[in-house]
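Colleague: Chains as they are written, first to last, in the working numbering: chain A, 1 to 443; chain B, 1 to 934.
Incorrect hints may have been included.
Taking lysine to any residue pairs in the SDA-like style, the calculated list, with each CA pair at most 25 Å apart, reads [what the hints assert, rightly or not]:
hint : chain 1 : residue 1 : chain 2 : residue 2
1    : B       : Lys480    : B       : Arg600
2    : A       : Lys399    : B       : Thr55
3    : B       : Lys552    : B       : Glu592
4    : A       : Lys399    : B       : Pro100
5    : A       : Lys399    : B       : Asn51
6    : B       : Lys206    : B       : Ile169
7    : A       : Lys399    : B       : Trp230
Pulled a few chain A residues facing chain B out of the computed Cβ check, cut under 10 Å [what the hints assert, rightly or not]:
hint : residue
8    : Gly60
9    : Ile64
10   : Val67
11   : Arg117
12   : His212
13   : Pro366
Keep in mind the hints are simulated off the structure, nothing from the lab.
Predicted model, so just to flag it, every value in this text is computed and none were measured.
Don't be surprised by glycine CBs; every beta carbon is placed ideally from N, CA and C.
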Amino acid sequence: MVSNPLFRIAVPAILCMVWACGPGGSAGSADQAGSPGQGGAPQAEREGAIRVGVLHSLTGTMAISEVSVVNATLLAMEEINARGGVNGRRIEALVRDGESDGIIFAREAERLIAEDRVEVVFGCWTSDCRRTVRPVFERHDHLLFYPVQYEGIELSPNIVYTGAAPNQQIIPAVKWAMDNLGDRFYLVGSDYVFPHTANAIIRDQVQSLRGHILGEAYVLLGSAEVEAIADEIVRLEPDAILNTLNGDSNIAFFEALRARGITPERIPTISFSIAETELQLMGSAPFGGDYAAWNYFQSVPGETNESFVATYRATYGADAVINDPMEAAYTGVHLWALAAEQAGSTSPGAIRDVLGGLSLAAPHGPVSIDGRTQHLWKTIRIGRIRDDGQFEIVWSSPKPVRPLPYPSYRTTQAWHDFLDGLHAMWGGNWANQGATPSGAESP
Amino acid sequence: MVVALVPSLVAFFMANRIFRESITEQQRQGLVALANGTRDQIEGLVTSRINDANTLSLLPAWGQLLSDRQGLGAADLPFFRFLESYLDEKGYDDLILIDPDGRVRFSLTYPDLAGLHIGDHERLGTEIARSVDAANTLLQTEISNFSWFPPAEASSAFITSPVIEDGVIAGNIVLKVPRTLLQLSANDAFLGRTGEILTLAQEGGKLLFTTPPRFSPPVRANEPGHQALWDAVEQTLSGHQASSFLDDALGNEVMAEGRYIPSMNWALLVKIDTAEMYEPVDAFFRASAFIVLLALLLAFALAWAAHRLITRPLELLTAQVRRPRGAPLPEHLEIRGRHEVRELSKAFSGLFGKLRSHQRDLERKVEARTAELSTALEAAEAASRAKSEFLAVMSHELRTPLNGVIGFTEILNKTPLTPAQRQYARNANVSGHNLLRIIDDILDLSKIEAGMLELDLERTDIIELIQNSVDVVKLAAARKDLELLLRIDPTLPRHVVVDPVRLTQILCNLLGNAIKFTEAGEVELGVEYRDDRVLFSVRDTGIGISAEQKRKLFQAFSQADSSTSRRYGGTGLGLTISQSLADRMGSRIEMESELGRGSRFFFDVPVEVVDGEDEDGEDEVGEGQGEGMVKRCLIVDDHAGSRALLSEILTRHGVAVVACAGGREAIRILESDVDGFDALICDNGMPALTGQETFRIIRDELGITAETLPVLLLYTAADEAAEWVGCELSGGVCGLDKPVNADALLACLGRLGTGASGATDPGRPAADQPDGVGAAGAPGEPTAAGARPGAAADPAPAERPTILVAEDVPLNMFLITSLLATILPEATLLRAENGEEAVGLFRSEKPDLVLMDVQMPRMSGLGATKEIRRLEREAGTHTPIVALTAATLTEDRDRCLEAGMDQVLTKPIDTDRLKEALSAVFGASVPTLDRVGP
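Taking the hints into account, I'd like the entire structure generated from these sequences.
Modeller: If you want it as structure tokens, here you go:
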């Protein structure tokens, strides 16, 4: 016989409880049906990792700039995976090499979207590449996060521009130059679409502020033929040089200037394509004392940037430097992840729907996606190059600036006509493929 | 209880948690939607205001107005009407035109401001200058923060757009934006009771509400209660957007959703008190807690009721039913409970009642039975005691008169009588012996049944024992003309430890039975030795025993067939006694039988072999065999079995044998081959030609001399051949009675073989033939001299021995003295009637032998013996004392020996045994008496 009195009382009690728990039972079944918080993770496990494309030049002339952008992109993805992924799913990056060639970029973009079925692509640097791949993304109604400051005059529902629009880099810099350096400028740039467009904007702005453009000259990409330009600058003695040269040409240009006794004290230069990475690669000595305009400098104060720099250096080495496009790429990945969390999905369409108004604390400051243009509200800064290759920030906008890819003083059509002219001039290319630099008399 | 409680509580809390989570998620999503909606609303308002300014800035009139340094003219009035109506319609409360130098060209609402420079913060505030600068820097329309605008004495923001004429900034238009223009049309119903939308901007290190809050007090830095809210706003202003739980400025816990509004650089916080949020959860919690509690109480109540109504009564019932061993059953069970339990209790009560009455009945019956049994037991014990006593008395009382009958008939027989009288006397003697044997059997049986029979193991000559047993029955066999065969295993050791008396008793019984139930043919005693056991088998060619009879065979007082009892006589006790004796020896008599063909009884006795010193006689036999053993022997015997046995014995000892079945045949053989044989062994009792006749023919007609062919004549106890052999010794013949013992046969042949001249003295060792026929006849027969091995060495005592007889019963005294006078006529007999007298006579007369009765008045035989022994110890002599007792038990015997007696004779005194005892004392001077046949 049973001897435990507790048990003898418990048996009838259990029977009673079974009856009493009837309503409770239905609450238990709700556990299976509902539970939105717990349902997501296991489902995601079943679906596996989220595949995303990273498309940059790992080889070719742009590799020196783009490899570090890849690093920053992957760092952001690692951070997201470390905190549990997106909607409980890991991000799996497929890194593809665009080989500094727009055609290859387009081909790889096609492969990533059609074959690898990635949910999003982070990539491109040059406007040439971006403009070449853009039709691919639009045809697939896919999504590209583009991290580099550019000439503007573009809107695509399939591209999120996390770099600066012209009004977020060039225009404030010109105004600052006119307020602080003088109103006589000499424009020099590489012979492709961005410098040409930038200079067009600069011309407009200088003109609107009653300033003067003393000269405008272009150097073929990768060319060192800058002596004539330097001589002309010496001859013209502008108040400031606005430099949109890209790549190695800068070394030759600045050495030529210094060789002719042009120091920042005598004729300062504001560069739009020289950042920490270039200074590290080329050596900061020729550039010291000159200026650059960006949204982000590695020296930006604040907790968010300090943590970003520390994490990056912990991953890629203590002497690694970070520049504006890297920060923009890094921010882009986080924005995409935030959008995916808000949308509860990673499909390009779902993400695009929640992009407007999406904000986060980026290393350079608060960013928010302007829903109409899919550009970011960004803070603008001007820095003076220090001897150590970092920048001393001499000016920053008091608050984030609305992105205006089409500077408002020309109509949209006028800007498109301008670009079409360039495109036609270069024989259907977005850069001068010829041997002779374009003249100043651009459309 | 725990089993029930834990899952229900777990389920309860889980349900609560799940509900709470789902509420949280639902509310969060509501807040997110509201926050996003509010953000988009503000952004939309700002964008549309900016577009307003953009559109206005593109009006062609500005260039002229700005270039015209003269001020406003009448031509401009329609334009101003348009502007005023536009402002009214859009809700702006002023439009200010600023020239490239930064001076106010005009203000629609505040005309006094004209001419003021935008740097005049005192009059214009700070925001106009800031917005103009921003617009010109970015070449786009910019909106300022809200700040104090002195002319309006209110907080205002300004939307400034550059006016570009021919690619040059010609000036700026500034739209004054009142607070109300950005007023949020928040849905208070959606916000519930505690929901709130806050927009905050950071201005000079302070957080300012840019739209009026619903409840919240101003947020102040360094106010501990505001820190959480402050931090949340700062986070949001840095671009961070997230939901969080925090304490608001009112000190309530809220869930808040933060959004950054870039166009105004504001932080938007949408929040709701968690108290309101979780109201349904708490209600649910209270309700379900109530239900669970109720259920628990109900469960407890039901459990208690169940316990009270079922479990507890059952427990009590169990406790009452399960009682310690030996505890009395309860009178009745009084268990309260539900009717089932009461029924059960009643049933148990009824059961107990029945059990109790049954128990009482049983007890009464047991008592009655016990009483009956003890009475019966007492009666049985008394009967048993009475029986034993009766037997002892009977033993004594029967033997004493029988002693007289047997003794006097024997003595009477020695007196001169007429043949008829002699026959009568002999018959009386035989009847007495028969009666004695029956009494002995009955006594034996009663002793065995009483468990008082004990074996008396002693070193025994087994061959002698067998011979003695055969001797007892051979006369009977001879009378029935049965061949009595003795087949002894040559490996049989001579000396073993057995109870000779009892073993002889068994053998005699089996042999006697065999002879009794065999009308013709043979009886064979076989003895084999195997693995320290001696196997005896008695085979006959008698009537046999059926399987059915066999079952009753060993039961007391039953013969195989009651008819056989009438035919053959006998008590039927013999086999029962034998079986019991065998049982005591560790053996068992078994039998196999075929009806009409004969039976075979056999048993084996475990023996201990002792290597005793060899007997003299045996040595003689051995010598005889070694010296002049016959080499070829002719055997004549009509009996096939006997012939075969003889042949076997001789062949085994290296004697060549020719056997034939009759005298005629033997004569023919001898005629053809007269020198072929060293000896002739001839059975006397042959039908056609007897042994004697054959002998005569051989000697007389064939002329074969004693030297050439000595003859060994085999005869039985019944025929007269023994005496004839005695007369014919000189004729080269010697005799041997059947059954033939191998040793005796070989000894005889040995003597025959040593030479015919020696044949004149065929005296055989007495050991081989104690009751040899050759000794029959006159007492004191010289041939018997040396027959007693023990006596041969004794020196002869006095010529006239003195014998003291102590016996209180006059009849016994007379019988003993008569026997003694017969055996030793020259002896002097002294008579004592009790122990004292015996001791006195012993002291005075110094007798050579004392025959002492054990049971005597005044002093018993044992006491007298002890006294005599005491006297002797003083004198250093030893006189033989022989006990005479009617008691036959071993313990009586032992008591006598303990007292110092040398020998015990049992009454009735057997003449032979008395003679033996005398000869043991007086040696050769004791003559042998003719043995009285059974």
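Colleague: Does each hint hold? Answer for all of them.
Modeller: Cross-check of the supplied hints:
1. The suggested pairing of B/Lys480 with B/Arg600 holds, with an alpha-carbon distance near 19 Å, which does not exceed 25 Å.
2. This hinted pair checks out: A/Lys399 and B/Thr55 have alpha carbons roughly 24 Å apart, not beyond 25 Å.
3. Annotation: proposed proximity of B/Lys552 to B/Glu592 holds, straight-line Cα distance about 14 Å (limit 25 Å).
4. With a CA separation close to 24 Å, the supplied pair A/Lys399 and B/Pro100 stays within the 25 Å bound.
5. Taken as a hint, the A/Lys399 and B/Asn51 pair is honoured in the structure, with Cα atoms around 20 Å apart against an allowance of 25 Å.
6. Our distance criterion of 25 Å between C-alpha atoms is broken by B/Lys206 and B/Ile169, whose separation comes to about 35 Å.
7. A hinted pair counts as satisfied when its Cα atoms are at most 25 Å apart, and A/Lys399 with B/Trp230 qualifies at roughly 19 Å.
8. Hint status for A/Gly60 relative to chain B: violated, with the closest Cβ pair at about 35 Å, above 10 Å.
9. For A/Ile64, the interface hint is violated, since its Cβ never comes within 10 Å of a Cβ in chain B; the closest pair sits about 31 Å apart.
10. Against a cut-off of 10 Å between C-beta atoms, the interface hint on A/Val67 is violated, since the closest Cβ of chain B lies about 28 Å away.
11. With a least beta-carbon distance of about 30 Å to chain B, the hint placing A/Arg117 at the interface is violated under the 10 Å criterion.
12. Interface hint at A/His212: violated, since its Cβ lies 13 Å from the closest Cβ of chain B, which is beyond the 10 Å cut-off.
13. Annotation: A/Pro366 was flagged as interfacial toward chain B, and the flag holds, the nearest CB pair being 3 Å apart, inside 10 Å.
This entry does not satisfy hints 6, 8, 9, 10, 11, 12, going by the numbered hints stated previously.
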